[in-house]
Every structure is written in structure tokens, then in C-alpha cells.
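Undergrad: Just so you know, we're using this note's numbering here: the sequence shown kicks off at 1 and counts up by one.
Accuracy of the hints is not assured; some may be wrong.
[Said to hold, decoys possible] Simulated crosslink set (EDC-like; lysine to aspartate or glutamate; CA at most 16 Å straight-line):
#1 Lys-185 <-> Glu-327
#2 Lys-123 <-> Glu-82
#3 Lys-136 <-> Asp-210
#4 Lys-185 <-> Asp-195
#5 Lys-278 <-> Asp-210
#6 Lys-283 <-> Glu-236
#7 Lys-283 <-> Asp-268
#8 Lys-278 <-> Asp-268
#9 Lys-290 <-> Asp-119
#10 Lys-306 <-> Asp-49
#11 Lys-257 <-> Asp-292
#12 Lys-123 <-> Asp-39
#13 Lys-257 <-> Asp-268
#14 Lys-283 <-> Asp-216
#15 Lys-178 <-> Asp-216
#16 Lys-261 <-> Asp-210
#17 Lys-261 <-> Glu-236
#18 Lys-185 <-> Glu-230
#19 Lys-184 <-> Asp-226
#20 Lys-74 <-> Glu-176
#21 Lys-278 <-> Glu-324
#22 Lys-185 <-> Asp-39
#23 Lys-74 <-> Glu-50
#24 Lys-136 <-> Glu-82
#25 Lys-185 <-> Asp-232
#26 Lys-278 <-> Asp-216
#27 Lys-136 <-> Asp-149
#28 Lys-283 <-> Glu-324
[What the hints assert, rightly or not] Listed next, with one range per pair, are the computed distances between beta-carbon atoms:
#29 Gln-134 <-> Phe-79: 25 to 33 Å
#30 Val-180 <-> Pro-37: 29 to 37 Å
#31 Ala-111 <-> Ala-287: 39 to 47 Å
#32 Asp-49 <-> Arg-121: 34 to 42 Å
What the hints contain is simulated information worked out from the structure, not anything from laboratory work.
None of the values given here were measured: they were computed from a predicted structure.
Quick reminder that beta carbons are idealized off the backbone N, C-alpha and C, glycines included.
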Amino acid sequence: MTINSRLAIAMIALFITTLACGRLSTSAAPVSPISHPFDYYGWVYVFYDETHNDLARISSYTNTAFATSPEQVKILASFGFEQIIYILNEQAALEIMYANAGQSMPDDGDAFHEQIIPDYREKFFEAYRQYLTQTKDLLTEADVYSRIDLFYIADEPALHRNVYVDQDFLNQYAGEFKSVFTEKKSTIAFAAIDDPQVVSARPQSGPHFDPPPSLDVVTVDPYFYDFSGEVDVPCERAAIQKWLYQDNPLSNINWAKQFHKPIIVVGDAEIRGGRSAKDCHIKGTYALLKDDPAIAGLVWFIYDKKYAEANYILGAANDPHLVEIIENLGGK
Numbered sequence: 001m002t003i004n005s006r007l008a009i010a011m012i013a014l015f016i017t018t019l020a021c022g023r024l025s026t027s028a029a030p031v032s033p034i035s036h037p038f039d040y041y042g043w044v045y046v047f048y049d050e051t052h053n054d055l056a057r058i059s060s061y062t063n064t065a066f067a068t069s070p071e072q073v074k075i076l077a078s079f080g081f082e083q084i085i086y087i088l089n090e091q092a093a094l095e096i097m098y099a100n101a102g103q104s105m106p107d108d109g110d111a112f113h114e115q116i117i118p119d120y121r122e123k124f125f126e127a128y129r130q131y132l133t134q135t136k137d138l139l140t141e142a143d144v145y146s147r148i149d150l151f152y153i154a155d156e157p158a159l160h161r162n163v164y165v166d167q168d169f170l171n172q173y174a175g176e177f178k179s180v181f182t183e184k185k186s187t188i189a190f191a192a193i194d195d196p197q198v199v200s201a202r203p204q205s206g207p208h209f210d211p212p213p214s215l216d217v218v219t220v221d222p223y224f225y226d227f228s229g230e231v232d233v234p235c236e237r238a239a240i241q242k243w244l245y246q247d248n249p250l251s252n253i254n255w256a257k258q259f260h261k262p263i264i265v266v267g268d269a270e271i272r273g274g275r276s277a278k279d280c281h282i283k284g285t286y287a288l289l290k291d292d293p294a295i296a297g298l299v300w301f302i303y304d305k306k307y308a309e310a311n312y313i314l315g316a317a318n319d320p321h322l323v324e325i326i327e328n329l330g331g332k
């Protein structure tokens, strides 16, 4: 995907429920489980099912995994993951909204729904409440509701203003979640586009929304790129820290810290254009974040071997060395 679209698209892949994944078998697993100084530590990994997965290996060095269905929660529970993050899908709410209105969902993912559906805000939240209730019922009926610690409720809303039209909308979105899932925690990943030229070409994007008051955890994803392309950050601790905490124009840690909520960082572990994330960036990210008490979690994006986008972005499982570097972080 291109730089100006990848943040808006990347996590949509997580919502696909047709699952397939090959096993990684080319390098040895760690000798013994590794303990990490994070409440949440793991991979973003969603293309798996009961018979095709690498979860036994991954569970030996992580404590956190992602699910998109009750069936996946059961699978993760069977491997003993301490933290299960459940990904909600606002697209499902949009589909309900269009069905309620007797209309077909637009094929254009960047369509401004407010221009299509009269009383969009009211109609969206009516559908969203339906979706939340259905989701809770499914999780309860499957007897997995208690296994979920945290819900990932939205991905980079400031880059999807065709759905999340303003700050009040986002606040209500998070509040509606809490009204249904009263005892569960929620997180949103935040990214922004401030460049007027980019916003002009991509009008569904804009500057940051603030985390809603009811949100429990703030997630940021300071990957090693900007709108000019890949950023060759030097392999020095100070340079990596400056990029992660301050200089990344899309998403950075210092922005998140001002809200005084626990922070999860999505670490850059992709293969882009045939080039894997640099060892020094991965090791540097881990070393910096493990010493920061504000960081509640570190999850690496993205593991899945079958994940591919525009023949440019591939999941880390396609590079055994990349996986091995991450699975041995924190080891002796």
C-alpha cells in the first residue's frame, strides 16, 4: 500500500473472518518461556484457525493475542494466553445501518456516509448498539466473554472521518461501548495527518482526535516511515527514541502521554518492499519501551504469513530471522 493510505487500511485486514495461515517451521523456538515487563506483549496475528496456527510457539514468549470471533477466543484460551484483545468491526455496524435503511453498502471504502444516509449520526449509533449487543450475546453464548480483557474498538479514527465525523462522534462511540460492555476495557489506535496537501488529496483524514474520556488505553503506532517513504532512522538509541516519541508525524508516544492513560505501542515488524524491519529498530524499540513505566504494552505488527497488501507489505512470518529476533527479545 502507499504511505498515505496504509494507516487507513492496515488494520481492516484484522476484521476478515475467512482465516488461513501456514505454519512457520524454519527456525527453533526459544529454549524456555521469556517474561516481559509489559501487561500486554505479543503479535497482531489474526489469520489463524484451530488447525492452522503458530500459537503454540508464539505463546511461549508472549502473553497477549488478538481475536476477531468467539471461535478465535476459544483457540487462544486453549493456548493459555493471559490477555486476549478482541477486535470490534465498525464496518459491521455500517452494514447494519445500510440494511436498516434499505440501501446497499457503498463499494467505496472512503465514501462519506453522512452524505448518503439522512440523520447519519442517529442511524449509525442505532446500528452500532445493535452490533454491540449482538457481539456481547455471541461471546456470552460461546462462554468466552470472561476471557477477554480489552476490546480494540476503533482504528485510527482521524484517518476515517468519513465514519467518525468529529470529536463528539468519537466520544459517543466509546461511550456506547461502555454502556454495553460496562466492565470491559477499551482501546483505540490513534494516528493523524496534519499536512494540508495530503488532507486535500485524502479528505477523510485530518489532525488528531483526543482519546474519549471513557477510553481506558491509548494505542499508538509509530512505524518507521512518513509520507516521503521509509525513514532510515539511525541505529542509535537516541535517534530511535526521538522518532518513536517525538518525530513521527503520524503517531508518536509523547502525544499519547499527555492524556495520562496507559499506552500500548504497536511495533513496526513488517516486511515492506522485500525489506524486513531492521534488527536495530526492533531491539531499540523493545529496549526503550521496557524502561518506560507509561507503556503498558508492546504488540508487533504484523505476524501473519498470509497477510499481503499490494505485493508490497508482508507479514513477519515470511522472514524466519525477523520472527526469531522478536521471539528472543528479553532473553538472556
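Undergrad: It remains to establish, for every hint, whether it holds in the given structure.
TA: Tested hints:
no. : hint                            : verdict
1   : Lys-185 <-> Glu-327             : violated, 27 Å
2   : Lys-123 <-> Glu-82              : violated, 37 Å
3   : Lys-136 <-> Asp-210             : violated, 26 Å
4   : Lys-185 <-> Asp-195             : violated, 33 Å
5   : Lys-278 <-> Asp-210             : violated, 31 Å
6   : Lys-283 <-> Glu-236             : holds, 11 Å
7   : Lys-283 <-> Asp-268             : holds, 11 Å
8   : Lys-278 <-> Asp-268             : holds, 9 Å
9   : Lys-290 <-> Asp-119             : violated, 46 Å
10  : Lys-306 <-> Asp-49              : holds, 13 Å
11  : Lys-257 <-> Asp-292             : holds, 11 Å
12  : Lys-123 <-> Asp-39              : violated, 37 Å
13  : Lys-257 <-> Asp-268             : violated, 20 Å
14  : Lys-283 <-> Asp-216             : violated, 28 Å
15  : Lys-178 <-> Asp-216             : holds, 10 Å
16  : Lys-261 <-> Asp-210             : holds, 12 Å
17  : Lys-261 <-> Glu-236             : violated, 28 Å
18  : Lys-185 <-> Glu-230             : violated, 34 Å
19  : Lys-184 <-> Asp-226             : violated, 34 Å
20  : Lys-74 <-> Glu-176              : violated, 26 Å
21  : Lys-278 <-> Glu-324             : holds, 13 Å
22  : Lys-185 <-> Asp-39              : holds, 13 Å
23  : Lys-74 <-> Glu-50               : holds, 9 Å
24  : Lys-136 <-> Glu-82              : violated, 20 Å
25  : Lys-185 <-> Asp-232             : violated, 36 Å
26  : Lys-278 <-> Asp-216             : violated, 31 Å
27  : Lys-136 <-> Asp-149             : holds, 13 Å
28  : Lys-283 <-> Glu-324             : holds, 12 Å
29  : Gln-134 <-> Phe-79: 25 to 33 Å  : holds, 26 Å
30  : Val-180 <-> Pro-37: 29 to 37 Å  : holds, 33 Å
31  : Ala-111 <-> Ala-287: 39 to 47 Å : holds, 43 Å
32  : Asp-49 <-> Arg-121: 34 to 42 Å  : holds, 37 Å
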